[in-house]
Amino acid sequence: MKELLTRHVQNALGALGQLARQPVATGLTVAVIAIALALPASLQVLVQGAQRIAGNWDSIRDFSVYLKPGTDLASARRLAREVSDHPAIATAELISADQALEDFRSDPAFGEALQALKENPLPHTLSVRPESAATAESLVEFKVELAGRPDVDLVQLDTQWLQRLGAILDVIRRTVWMVGGLLVGAVIVIIGNTIRLDIQNRRQEIEVSKLLGATDAFVRRPFLYIGLWYGAMGGLASLLILLAGFAILAAPLERLIALYGGDYGGLGLEPATATLVLAGGVGSGLIGAWLAVARHLSDIEPSV
Amino acid sequence: MIRLDKVTKLYAGGREALRDVSLDIGPGEMIFLTGHSGAGKSTILKLLALVERPTRGQLLVDGRNVGRLSADEIPAYRRQVGMVFQDHKLLEERSAFENVALPLIIAGIARREIDKRVRAALDQVGLLDKERQPPRALSAGEQQRVGIARAVVARPRLLIADEPTGNLDGELSLEIMDLFHRFNSVGVTMLIATHDLRLADRFRARRIVLQRGEIQSDVGT
Ligand SMILES: Nc1ncnc2c1ncn2[C@@H]1O[C@H](COP(=O)(O)OP(=O)(O)OP(=O)(O)O)[C@@H](O)[C@H]1O
Ligand SMILES: [Mg+2]
Chain A
1 MKELLTRHVQ NALGALGQLA RQPVATGLTV AVIAIALALP ASLQVLVQGA
51 QRIAGNWDSI RDFSVYLKPG TDLASARRLA REVSDHPAIA TAELISADQA
101 LEDFRSDPAF GEALQALKEN PLPHTLSVRP ESAATAESLV EFKVELAGRP
151 DVDLVQLDTQ WLQRLGAILD VIRRTVWMVG GLLVGAVIVI IGNTIRLDIQ
201 NRRQEIEVSK LLGATDAFVR RPFLYIGLWY GAMGGLASLL ILLAGFAILA
251 APLERLIALY GGDYGGLGLE PATATLVLAG GVGSGLIGAW LAVARHLSDI
301 EPSV
Chain B
1001 MIRLDKVTKL YAGGREALRD VSLDIGPGEM IFLTGHSGAG KSTILKLLAL
1051 VERPTRGQLL VDGRNVGRLS ADEIPAYRRQ VGMVFQDHKL LEERSAFENV
1101 ALPLIIAGIA RREIDKRVRA ALDQVGLLDK ERQPPRALSA GEQQRVGIAR
1151 AVVARPRLLI ADEPTGNLDG ELSLEIMDLF HRFNSVGVTM LIATHDLRLA
1201 DRFRARRIVL QRGEIQSDVG T
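In order, the protein sequence lines correspond to chains A and B.
Position one of the first sequence corresponds to residue 1 (our numbering), numbered consecutively onward.
Position one of the second sequence corresponds to residue 1001 (our numbering), numbered consecutively onward.
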């Protein structure tokens, strides 16, 4: 048991030593693996960022109801109560024409222009916040109903872009998985091919080892460790790329998400994503090595 | 220890390399296998190394029909057989020490034991001072001696050698054969294929002459 463990440690270190003897070739292979793994991971993080924006859509789904000019305050209040009683609606706040005018006047950009007006040009407005559970369909239906009322001038309810955003995110999310799958496939091919060449270069060593009584497991092990190291180093290098990328993107990304009312909350490399990248590297390294070994080692039988 | 029972070997293409060869080899024997080119000497050694399998007949080692061993039984069998090749088959990238250590690493021997046994084997072939050299830094005779050290380091009971002196001049050949003789005298069974009849004559050993796949003569000691 202890011997076997020692053997594995020796094999692992031996494989590492072999990679270290060809730093340029190893570095290039690792770089390709790292980039291939970093791509889907960074897309994944961007999707997470977009989800934070979309996840905050309670505030985005708020809409305004502009009443016809001249509607009296009492019927505006009645309408506000009616709207807030609707099952799809959480709150409906009435902003009276006077209130709105006050708000504008206190804004230095408009203040002076509004001073000149004799009459208040602004309508009463309802600021409506839907229930978070309310579906887009029920809101659209309610919007049509509201817009049909005689005292309502305009309903500004734009769920369309939210639906679009949601649909786009769905597509992107799946694309990320697909691209991720393809790139992991590419990593498997790269590692498999590198190890295939390695097997060819060490053909004589394999033949001699077999003549001296080496088992298939013995011959196979160094190559599997090489695959494992490639995958692990590629995964680690990929994490470094991602961390550097986020360091560069953090500030503008934070501003962007804030603009959309989202919560940045230290968006970046989550432990789950990092684990996935590392596991993807190690896993595809082992699989690639295993495929190469299964395909090419059995071809090599000693001849005397 | 080894018995060939009516062994026939047909190579792909229908070439009959051995025909109904029967042969008994006792433990501790030293045997020269001679005969013209194409007589089947290498084929017998390949059968014993399980690189080839008999087409007909049985190859028994310690009563076991090794001609029928499955692929995963072959490694354990090969570890009991030392092999020396004409082209020595040393690994160019490795030092003499590492080459000799390979059978022990394959056998899963502990590191400290490996050091001891490799040095002992290199000492026996007189190359202890060359343990760090790669094969290309050694002379042809020295390379062959490293190959022999590798063949005996795991203390096999049987050693087979195919033209071990094929690339060496007379004096070096004698040196190599002397080494074989010494290993034989400590009980290792030896089967050596060679063209060099005069060299074989200098040792008291059983001599089997093959001719076109059949045993022409078998002169014991
Ligand atoms: N792999 C092979 N495929 C087909 N024919 C083979 C193969 N190996 C050997 N032979 C044939 O079998 C016959 C015996 O060959 P073998 O190598 O045993 O002869 P040998 O006695 O060792 O000859 P040499 O002294 O030249 O080494 C030869 O005719 C050879 O051409
Ligand atoms: Mg031959």
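Among these hints, one or two may not hold up.
Below, computed lysine to aspartate or glutamate pairings styled on EDC-like, alpha-carbon distance capped at 20 Å [what the hints assert, rightly or not]: (1) K2(A) x E1052(B); (2) K1046(B) x D72(A); (3) K1089(B) x D98(A); (4) K68(A) x D98(A); (5) K1089(B) x E131(A); (6) K1046(B) x D98(A); (7) K1089(B) x E1052(B); (8) K1116(B) x E301(A); (9) K1089(B) x E207(A); (10) K2(A) x E1113(B).
It should be emphasised that the hints constitute simulated quantities derived from the structure, not laboratory data.
Hints breached by this structure: The structure breaks hints 1, 2, 3, 5, 6, 8; every other hint is satisfied.
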